[in-house]
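Taking my numbering, the leading residue of the sequence shown gets 10, the next gets one more, and so forth.
Read the hints as simulated data drawn from the structure, not as lab findings. C-beta atoms are modelled at their ideal positions from N, C-alpha and C, and glycine is treated no differently. Warning: the hint list may mix true and false statements.
Said to hold, decoys possible - With a straight-line Cα cutoff of 20 Å, these simulated DMTMM-like cross-link-like pairs (lysine to aspartate or glutamate) come out:
hint: 1; residue 1: 276; residue 2: 166
hint: 2; residue 1: 327; residue 2: 257
hint: 3; residue 1: 327; residue 2: 189
hint: 4; residue 1: 276; residue 2: 173
hint: 5; residue 1: 281; residue 2: 332
hint: 6; residue 1: 281; residue 2: 242
hint: 7; residue 1: 327; residue 2: 297
Unchecked claim - Have a look at the derived ranges for each label pair, beta carbon to beta carbon:
hint: 8; residue 1: 79; residue 2: 324; range: 17 to 27 Å
hint: 9; residue 1: 330; residue 2: 224; range: 25 to 35 Å
hint: 10; residue 1: 306; residue 2: 272; range: 37 to 47 Å
hint: 11; residue 1: 293; residue 2: 223; range: 32 to 42 Å
hint: 12; residue 1: 328; residue 2: 76; range: 37 to 47 Å
hint: 13; residue 1: 179; residue 2: 240; range: 46 to 56 Å
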Amino acid sequence: MREFPQDLVDLVLDRVADACSDNTNLAACGGVCRRWMPRSRMYFFSRVHIPLFRADPTTIQAFLDIVDTSLVDVLSFVQSLDLALIETEGPEPEYHDVTPADRLCQPLLATQIRRFGACPSLTRFELKLPGDIGLHTVSNIVSALPLLTHLRIGGGDYTIVQSETPPVKDMFPPHLRNLDLSVDARGASLFFGWLLSHSTPPTFTSLVLVGDAMGRSIAPIESYLRSYGSTIETSLFDYWADYYGRTETIKTIFLASTPRLLNLTLKYQCPKIIPTTLALIASVHLVDLHIEVRPPMYGRPDWPRIDEVLAARFPSLKRLCFEMYKTTLADIKPLMPQVGGILEVKEQPKIPSVFEADASTVLQPYSSSSKTLRELLKRGKSV
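Assemble the whole structure, with the sequences as input and the hints as a guide.
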């Protein structure tokens, strides 16, 4: 085989890694020749996904066995850890205050996850829940990863719940500035209450809040946003409540508490009140604005008025995108002459009816961005 300079080999692998999300292909690169192995191994282990089945809680140990027997320091390559706690069929918990996720997490994650705390490059962590999980378990996991910069907790229909054991305090990763909390208001309130209990509450530059507040108190969320929302520069907000007025109240608090926003995404917005919503945004520094608009059955936006508000309030806006049903750029650009030059329109996918939806559409427990049938039914009650 022809010999190539090592710097050229490294460059090829770097480009393959940038363009490839499939680690199997990266592993195949390592099979070309021995000189490619170190670089391909670095990428192969950079994004680690570990599914933990309730029936087989030894999966993470199997990975750690590879770590312990490898001739190289595998953990030094880990940059992103995706921990998916997957619930399988099995007996129900004997006690109501002990959930399947807790039964799995407490004996296993509380100790083994600390092995990843020593990863010098591990900055991203995603925890996917199959059931309600205790706040102290979440705090133990997060505090065991001191180098995190990005954290995502996604629960689907599950959330963070109160636990008898108090959560740890003042051990939050000091460089964690990107938080994606896709759980309901009960879990989010507990999480933000935990943050507020620190002697110096953590702050974030990027915040994703997705979930519902059906009959739940959001006082800790409000308190945190009012006190520390001024550091947030990028955000996706998608909270809905059990009736329309409460949904708008939550949104108003969020928009008023984030005066430094540069990038904002608002999901499932009522067409008729978009001008009012824009007027509520405290930040005048917006550079990127993305708004998902409800279907036409909820009314149609007042595009000329929206054009006026955007032009008057956000002189720094560089990108404007509306995500809509059966609406094209040609339909609304003539109605928005002042901001038409930066306008984009993205067509929303069709919402399946109850009769059209199959199991894969109805049950997507780990996706916060896709609209499951459950979410749509909940939102329908708030209109």
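Comparing the hints with the structure gives:
1. With a C-alpha separation of about 18 Å, the suggested pair residue 276 and residue 166 falls inside the 20 Å cut-off, and the hint holds.
2. Distance hint between residue 327 and residue 257 is unfulfilled; the C-alpha atoms sit about 26 Å from each other, more than 20 Å.
3. At roughly 24 Å between alpha-carbon atoms, residue 327 and residue 189 are farther apart than 20 Å, so this suggested pair is violated.
4. Pair hint residue 276 plus residue 173 does not hold up; C-alpha atoms about 35 Å apart against a cutoff of 20 Å.
5. Distance hint between residue 281 and residue 332 is fulfilled; the C-alpha atoms sit about 15 Å from each other, no more than 20 Å.
6. Taking the CA atoms of residue 281 and residue 242, the gap is about 27 Å. The hint is violated against a cut of 20 Å.
7. Simply put, residue 327 and residue 297 have alpha-carbon atoms about 6 Å apart, close enough for the 20 Å limit, and the pair holds.
8. Taken as a hint, the range 17 to 27 Å is violated for the pair residue 79 and residue 324, whose Cβ atoms sit roughly 55 Å apart.
9. At roughly 33 Å, the beta-carbon separation of residue 330 and residue 224 lies within the given 25 to 35 Å, and the hint holds.
10. Our hint of 37 to 47 Å for residue 306 and residue 272 is violated, since their Cβ atoms are close to 29 Å apart.
11. Take residue 293 and residue 223: their Cβ atoms lie about 33 Å apart, and the range 32 to 42 Å holds.
12. The beta-carbon spacing between residue 328 and residue 76, approximately 42 Å, falls within the hinted interval of 37 to 47 Å.
13. At about 19 Å, the beta-carbon gap between residue 179 and residue 240 misses the expected band of 46 to 56 Å.
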